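Chemist: Turn these sequences into a full structure, and let the hints steer you where they fit.
Listed here are the chains, written in short residue letters.
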Amino acid sequence: MVLADLGQLFLLTSVPVAAFLIGYGVFRKVARKPQPLRRIAQRLETLAGQAGQIEIDLTQLQLQDAHGVLSQGWNRLVAEVAEARRELEALQVRRQALETVGRYHAAWMTDLLNKMPYGLLMVGDDLGVTFANTSAERLLGRRGDELVGRKITEIFDDSLEYLRTPAGSMLDRTFSVQTTGATVRLKAARTLAQGGGAQTALFLQDTSHLKEARQARDRFLYHITHELRTPLTNIRAYAETLSEGVLEDRDSLRECYNVIIGETERLSRLVEDVLSVSQLEAGSARLVVDDVQMARLLRQVVEDMQASADEKNVELILSLPPKVPTIRGDKDRLTVVLTNLVGNAVKYTPAGGHVEVTCEEDGARLQIRVRDTGIGIAPEDQPRVFEKFYRAQNEEVARIPGTGLGLAIAQETVRAHGGTIELVSELGKGSTFTVTLPIGRSAVVGVTEDE
Amino acid sequence: MAVIVIAEDEVHIARVVGVWLRKGGHVVYEANDGRSALELIRRHHPELLIADVNMPVMDGIELVTTCAATGQPRGGIIVLTSRCDQTEIRRRLKGLNVVFHPKPFSPSRLTQEVERLLARSQDVVGTTGTSRR
Chain A
1 MVLADLGQLF
11 LLTSVPVAAF
21 LIGYGVFRKV
31 ARKPQPLRRI
41 AQRLETLAGQ
51 AGQIEIDLTQ
61 LQLQDAHGVL
71 SQGWNRLVAE
81 VAEARRELEA
91 LQVRRQALET
101 VGRYHAAWMT
111 DLLNKMPYGL
121 LMVGDDLGVT
131 FANTSAERLL
141 GRRGDELVGR
151 KITEIFDDSL
161 EYLRTPAGSM
171 LDRTFSVQTT
181 GATVRLKAAR
191 TLAQGGGAQT
201 ALFLQDTSHL
211 KEARQARDRF
221 LYHITHELRT
231 PLTNIRAYAE
241 TLSEGVLEDR
251 DSLRECYNVI
261 IGETERLSRL
271 VEDVLSVSQL
281 EAGSARLVVD
291 DVQMARLLRQ
301 VVEDMQASAD
311 EKNVELILSL
321 PPKVPTIRGD
331 KDRLTVVLTN
341 LVGNAVKYTP
351 AGGHVEVTCE
361 EDGARLQIRV
371 RDTGIGIAPE
381 DQPRVFEKFY
391 RAQNEEVARI
401 PGTGLGLAIA
411 QETVRAHGGT
421 IELVSELGKG
431 STFTVTLPIG
441 RSAVVGVTED
451 E
Chain B
1 MAVIVIAEDE
11 VHIARVVGVW
21 LRKGGHVVYE
31 ANDGRSALEL
41 IRRHHPELLI
51 ADVNMPVMDG
61 IELVTTCAAT
71 GQPRGGIIVL
81 TSRCDQTEIR
91 RRLKGLNVVF
101 HPKPFSPSRL
111 TQEVERLLAR
121 SQDVVGTTGT
131 SRR
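These protein sequences, in sequence, are chains A and B.
Each residue of the first sequence is one higher than the one before, starting from 1 at the first, in this note's numbering.
Each residue of the second sequence is one higher than the one before, starting from 1 at the first, in this note's numbering.
Possibly wrong hints are sitting among the right ones.
Derived pair list, reagent style SDA-like, types lysine to any residue, alpha-carbon separation capped at 20 Å [to be verified]:
1) A/Lys211 <-> A/Phe389
2) B/Lys23 <-> A/Glu240
3) B/Lys23 <-> A/Phe131
4) B/Lys23 <-> A/Thr420
5) A/Lys323 <-> A/Gly363
6) A/Lys331 <-> A/Gln205
7) B/Lys23 <-> A/Val246
8) A/Lys151 <-> A/Leu120
9) A/Lys115 <-> A/Ala97
10) A/Lys312 <-> A/His209
11) A/Lys115 <-> A/Arg254
12) A/Lys331 <-> A/Ala416
13) A/Lys211 <-> A/Pro117
14) B/Lys23 <-> A/Gly128
15) A/Lys151 <-> A/Leu186
16) A/Lys312 <-> A/Glu387
17) A/Lys187 <-> A/Gln205
18) B/Lys23 <-> A/Glu255
19) B/Lys23 <-> A/Arg254
20) B/Lys23 <-> A/Leu247
21) B/Lys23 <-> A/Glu244
22) B/Lys23 <-> A/Asp126
23) B/Lys94 <-> B/Glu62
24) A/Lys211 <-> A/Glu387
25) A/Lys429 <-> A/Glu315
26) B/Lys23 <-> B/Ser108
27) A/Lys187 <-> A/Asp126
28) B/Lys23 <-> A/Arg250
29) A/Lys115 <-> A/Val148
30) B/Lys23 <-> A/Leu253
31) A/Lys312 <-> B/Lys94
32) A/Lys211 <-> A/Tyr118
33) A/Lys331 <-> A/Glu361
34) B/Lys23 <-> A/Asp251
35) B/Lys23 <-> A/Leu242
36) B/Lys23 <-> B/Glu113
37) A/Lys323 <-> A/Glu360
38) B/Lys23 <-> A/Pro401
To be clear, the hints were calculated from the coordinates, so they are not data collected in a lab.
None of the values given here were measured: they were computed from a predicted structure.
Modeler: As structure tokens, then:
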């Protein structure tokens, strides 16, 4: 029993002692000279101090056994981290590139939106304006900061509440803008919700020109009907006078027929003029281009006007230089232009006055001047005399018959020839109309004595 | 026989209307603008005025309103105007003793209109005369 106890005691004490001795031996061994784990640890400590230097090859340590396996695992890990880092860097480069492109696109888009001929307002669901392009600012006559941040209801005198609803995208209305007097057509479109809720794009189109065109058309029709009425009244009244036998003496009868003939001619001229000016304005007039001997043309025009000038006791003079160039143009239409100008000069020049037609050239252009000592054109009327049906607003002009189409036709015809027509005038002193026509490469210089 | 003033800047129109009215035995004075017409009215005290609307110096509207203000002429006023202008002109001459006659017109119809107005005016004068007696 004692012996067994002793054996038991021995066993109980020897195991920890042996374990201690073995452990101590290992400890001594590890502490005394560098072991693989310690070397790995050292490497890692070095690494921790050097950010970025993770590509440390532990296989260089030539570790064995488990340590070797560990170092290989480490190396794989390091390789994967390095790969991930490279990918990250590549992604960052791409992101920066995308950001640059994005910034460029944003600038490009804003520039594009600002250059659109249509106004654009972006409106949030709270009816607040979040964006306004340059055209919108111009159309509404307000600066950007007077639009963005405001409620759309403050900008248009309409609640526009229905913009909040899907039906709001059906909006298509025309508004009159108080600040600019412009007429604006408003169309809405719902855009995709982006973060801050759905937005409505409002497109603004300036339709003032349509209104102007309508007004111009109405004015045109008004003038046409007025101009048609007088000759029609005369033809009707004189024809009825003849058919009812109201007049008997030969002279009165002849006068009736002459009035009818004269008024029929007036109607034809009016119809021709209206067609002419419409075609020229629409650009659909066809010029029959040929060599036009301007000296001959001018002489013909002056000769045709001579009777009217004599009747009015107005001196009509044509002064031509020795050589007048031949130009390329439509002879009939140019004749109309000069007949209108010389005719007007005679018409608006009181008895005793004179009208002078001159011309000069500088090799490239031919200038024809029609100068009169007539009633002149007031400065406020000067910019408008070339408008069709416009006649200077004064009593003297009102007494002289005219449709107000002659100068419109003259200007359009000269333009169609690539030329210009200019006016210098002083009320009560007279007017000078200058027609400048290009001579052109194909121009042939003709002599005045060409007949 | 009545005295009639025509205010019309289109000479041919004034002349032909004058021919028809003189044929009917009336005394006719022609003016080519509103102011001259007003002068003729003051001088000759016509029974009737025939006026165009678009005239230089003084237009038909001004002439007619000026005349109507003084109760001249007694027989009334005929305004020659196109159908398309009538709405605006009627508005401006509202409440005045004015008859509108469309332009272009038939001189025989215009003459009939003149006779109708003169007859009406004679009736009024006649009635007034009787009551005075």
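Chemist: Hint by hint, say whether it matches the structure.
Modeler: Against the structure, the hints come out as follows:
Under the criterion of a C-alpha separation no larger than 20 Å, the hint pairing A/Lys211 with A/Phe389 is consistent with the structure, at around 19 Å. Under the criterion of a C-alpha separation no larger than 20 Å, the hint pairing B/Lys23 with A/Glu240 is consistent with the structure, at around 14 Å. The suggested pairing of B/Lys23 with A/Phe131 is violated, with an alpha-carbon distance near 78 Å, which exceeds 20 Å. For the given pair, B/Lys23 sits about 55 Å from A/Thr420 by alpha-carbon distance, which is inconsistent with the 20 Å threshold.
Restraint check for A/Lys323 and A/Gly363: satisfied, since their Cα atoms lie roughly 11 Å apart, inside the 20 Å limit. Annotation: proposed proximity of A/Lys331 to A/Gln205 is violated, straight-line Cα distance about 43 Å (limit 20 Å). In summary, the hint linking B/Lys23 to A/Val246 is supported, as the alpha carbons are separated by about 7 Å, within the 20 Å threshold. A threshold of 20 Å between alpha carbons decides the hint, and for A/Lys151 with A/Leu120 the separation of about 15 Å falls inside it, so the pair holds.
Between A/Lys115 and A/Ala97 the alpha-carbon distance is near 26 Å, which puts this suggested pair outside the 20 Å criterion. Straight-line distance between C-alpha atoms of A/Lys312 and A/His209 comes to about 44 Å, which puts the hinted pair past the 20 Å bound. The hinted pair formed by A/Lys115 and A/Arg254 fails the criterion: a straight-line CA distance of about 68 Å is larger than 20 Å. Using a Cα cut-off of 20 Å, the hinted pair A/Lys331 and A/Ala416 holds, with the two alpha carbons roughly 13 Å apart.
Distance hint between A/Lys211 and A/Pro117 is fulfilled; the C-alpha atoms sit about 18 Å from each other, no more than 20 Å. At roughly 78 Å between alpha-carbon atoms, B/Lys23 and A/Gly128 are farther apart than 20 Å, so this suggested pair is violated. Only pairs whose Cα atoms come within 20 Å are accepted, and A/Lys151 paired with A/Leu186 is accepted, the gap being roughly 16 Å. Between A/Lys312 and A/Glu387 the CA atoms are separated by roughly 27 Å; this puts the pair beyond 20 Å, and the hint is violated.
Distance check on the hinted pair: A/Lys187 and A/Gln205 sit about 8 Å apart at the alpha-carbon level, within 20 Å; holds. Note on B/Lys23 and A/Glu255: the hinted pairing holds, with a Cα-Cα distance of about 17 Å set against a maximum of 20 Å. Between B/Lys23 and A/Arg254, the direct Cα distance comes to roughly 18 Å. Compliance with the 20 Å bound is thereby established for this hinted pair. For the suggested pair B/Lys23 and A/Leu247, the alpha carbons sit about 9 Å apart, so the restraint of at most 20 Å is met.
For the hint pairing B/Lys23 with A/Glu244, the CA-to-CA distance comes to about 12 Å; that is within 20 Å, so the pair holds. With a CA separation close to 81 Å, the supplied pair B/Lys23 and A/Asp126 exceeds the 20 Å bound. The hinted pair formed by B/Lys94 and B/Glu62 meets the criterion: a straight-line CA distance of about 13 Å does not exceed 20 Å. This hinted pair checks out: A/Lys211 and A/Glu387 have alpha carbons roughly 18 Å apart, not beyond 20 Å.
Of the pairs offered as hints, the one joining A/Lys429 and A/Glu315 holds, with about 16 Å between alpha carbons and a cut-off of 20 Å not exceeded. Distance hint between B/Lys23 and B/Ser108 is fulfilled; the C-alpha atoms sit about 11 Å from each other, no more than 20 Å. A hinted pair counts as satisfied when its Cα atoms are at most 20 Å apart, and A/Lys187 with A/Asp126 qualifies at roughly 18 Å. Note on B/Lys23 and A/Arg250: the hinted pairing holds, with a Cα-Cα distance of about 17 Å set against a maximum of 20 Å.
Between A/Lys115 and A/Val148, the direct Cα distance comes to roughly 18 Å. Compliance with the 20 Å bound is thereby established for this hinted pair. A threshold of 20 Å between alpha carbons decides the hint, and for B/Lys23 with A/Leu253 the separation of about 15 Å falls inside it, so the pair holds. Taking the CA atoms of A/Lys312 and B/Lys94, the gap is about 43 Å. The hint is violated against a cut of 20 Å. For a cut-off of 20 Å, the pair hint linking A/Lys211 to A/Tyr118 stands: about 17 Å separates their Cα positions.
Restraint check for A/Lys331 and A/Glu361: the C-alpha separation of about 18 Å stays at or below 20 Å, so the hint holds. Taking the CA atoms of B/Lys23 and A/Asp251, the gap is about 17 Å. The hint holds against a cut of 20 Å. Distance check on the hinted pair: B/Lys23 and A/Leu242 sit about 13 Å apart at the alpha-carbon level, within 20 Å; holds. Using a Cα cut-off of 20 Å, the hinted pair B/Lys23 and B/Glu113 holds, with the two alpha carbons roughly 15 Å apart.
A hinted pair counts as satisfied when its Cα atoms are at most 20 Å apart, and A/Lys323 with A/Glu360 qualifies at roughly 9 Å. Of the supplied pair hints, the one linking B/Lys23 and A/Pro401 is violated, its CA atoms being roughly 29 Å apart against a limit of 20 Å.
Consistency with the previously given hints fails for numbers 3, 4, 6, 9, 10, 11, 14, 16, 22, 31, 38, ordered from lowest to highest.
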